[in-house]
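Please build the complete structure, drawing on both the sequences and the hints.
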Amino acid sequence: DAKTTQPTSMDCAEGRAANLPCNHSTISGNEYVYWYRQIHSQGPQYIIHGLKNNETNEMASLIITEDRKSSTLILPHATLRDTAVYYCIVRVAGYDGGATNKLIFGTGTLLAVQP
Amino acid sequence: AAGVIQSPRHLIKEKRETATLKCYPIPRHDTVYWYQQGPGQDPQFLISFYEKMQSDKGSIPDRFSAQQFSDYHSELNMSSLELGDSALYFCASSRGTSGRAGETQYFGPGTRLLVL
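So the sequences go chain by chain: A and B.
In this text, residue positions in the first sequence follow the numbering used here: the first is 1, and each later residue adds one.
In this text, residue positions in the second sequence follow the numbering used here: the first is 116, and each later residue adds one.
In case anyone wonders, no lab produced these hints; they're calculated from the structure.
Hints are not guaranteed to be accurate.
Claimed, not checked - Partial selection, computed: residues in chain B whose CB lies under 7 angstroms from chain A: (1) H144; (2) D145; (3) D157; (4) P158; (5) F160; (6) A202; (7) F205; (8) Y221; (9) F222; (10) G223; (11) P224.
Claimed, not checked - FRET-style restraints, in silico, Cβ to Cβ: (12) T72/A x G118/B: 25 to 33 angstroms; (13) G199/B x P7/A: 25 to 33 angstroms; (14) M59/A x R124/B: 39 to 47 angstroms; (15) Q42/A x H188/B: 39 to 47 angstroms; (16) A112/A x T135/B: 31 to 39 angstroms; (17) A112/A x S122/B: 31 to 39 angstroms.
Claimed, not checked - If you only want the chain A side, here are some residues facing chain B, beta carbon under 10 angstroms, derived: (18) C12; (19) Y34; (20) Y36; (21) Q38; (22) Q42; (23) P44; (24) Q45; (25) H49; (26) R81; (27) V85; (28) R91; (29) N101; (30) G106.
Yeah, the Cβ is synthetic: ideal placement off N, Cα and C, and Gly gets one too.
Here you go:
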C-alpha cells in the first residue's frame, strides 16, 4: 500500500505557483520522498526527491517539514503543460540489490492548470 | 540525454496469444523495473532485475515472465493473453550502485497493449 496521501485534485492559474501537498506521516528515517508526474498516458516523469533538506532543481522545489511527516512540491510558474497527475512516493534510500527500490504509486493529485 | 526505449509502442493481440515487450535501459543503468497501468488506474509494480538477476517481484501473473540480458535490456513475455491484460506497460531503469540519494528510476514511454 502507498505510504502517502494526497488531495485528489487541484486547480492552479497559469503563471501562478502550484503547491502540491503530500502527507507521509509514517515515513522512516531511511526513506526518501520522491515526486513523479504523469502527463496523460505518458511514462511517469521524475521531478525531484529529498530526504530531509529542501531541494530545488530546474523543474520544481521540494519543501519537507522538519518532522518529515509531510512535504510540498512547488512548481513556481505553472504552465498549461504542467497539467498532469503528480505522485508523491516514499522509498527506501540506498541500494540493496533492488529488492526495496520498487515504486508504490498511490492515487496522486490531478493538477489542472487553468488559462 | 538518452532515455529508456521501449518497443513496440503499440501492440494489438487476440485472446490466448503471446506478446513480448522489450525495454532498453539508459546507458550504464543495470537495473530494470516493469510496471503495469490498467485503464484509469495507477502504475503497479510487476518485477525488477539487477545485473540480470530477478531482484523483486510484485503482482505479476504466472502467465508472465521476464528476463534481463547481458546487455541489460529486458523482455517481458506474456502468454495466454486475457482481455484484462490490456494496459500500458512501462519499463524504468536505474543505476544499481548507490549514489547520493539512492537510485532514481527513469521511465520509458510505455507500450500500449490491447487484447481483443
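Each hint, compared with the structure:
1. H144: 12 angstroms, violated
2. D145: Violated: closest Cβ of chain A sits about 9 angstroms from D145/B, beyond 7 angstroms.
3. D157: 4 angstroms, holds
4. P158: 5 angstroms, holds
5. F160: For F160/B, the interface hint holds, since the closest Cβ of chain A sits about 4 angstroms away, which is under 7 angstroms.
6. A202: For A202/B, the interface hint is violated, since the closest Cβ of chain A sits about 11 angstroms away, which is over 7 angstroms.
7. F205: With a closest approach of 5 angstroms, the F205/B hint holds.
8. Y221: 6 angstroms, holds
9. F222: Because about 4 angstroms separates F222/B from the closest Cβ in chain A, which is inside the 7 angstroms limit, the hint holds.
10. G223: 5 angstroms, holds
11. P224: With a minimum Cβ separation of about 5 angstroms from chain A (threshold 7 angstroms), the hint on P224/B holds.
12. T72/A x G118/B: 25 to 33 angstroms: 28 angstroms, holds
13. G199/B x P7/A: 25 to 33 angstroms: Check passed, 30 angstroms falls within 25 to 33 angstroms.
14. M59/A x R124/B: 39 to 47 angstroms: Taking Cβ atoms as reference, M59/A and R124/B lie about 25 angstroms apart, which means the hint is violated.
15. Q42/A x H188/B: 39 to 47 angstroms: 21 angstroms, violated
16. A112/A x T135/B: 31 to 39 angstroms: 37 angstroms, holds
17. A112/A x S122/B: 31 to 39 angstroms: Taking Cβ atoms as reference, A112/A and S122/B lie about 32 angstroms apart, which means the hint holds.
18. C12: 21 angstroms, violated
19. Y34: 8 angstroms, holds
20. Y36: Y36/A check passes; min Cβ-Cβ to chain B is 8 angstroms, inside 10 angstroms.
21. Q38: 8 angstroms, holds
22. Q42: Hint holds; Q42/A Cβ to chain B Cβ min 6 angstroms, cut 10 angstroms.
23. P44: With a closest approach of 5 angstroms, the P44/A hint holds.
24. Q45: 7 angstroms, holds
25. H49: 6 angstroms, holds
26. R81: 17 angstroms, violated
27. V85: 8 angstroms, holds
28. R91: 7 angstroms, holds
29. N101: 6 angstroms, holds
30. G106: 7 angstroms, holds
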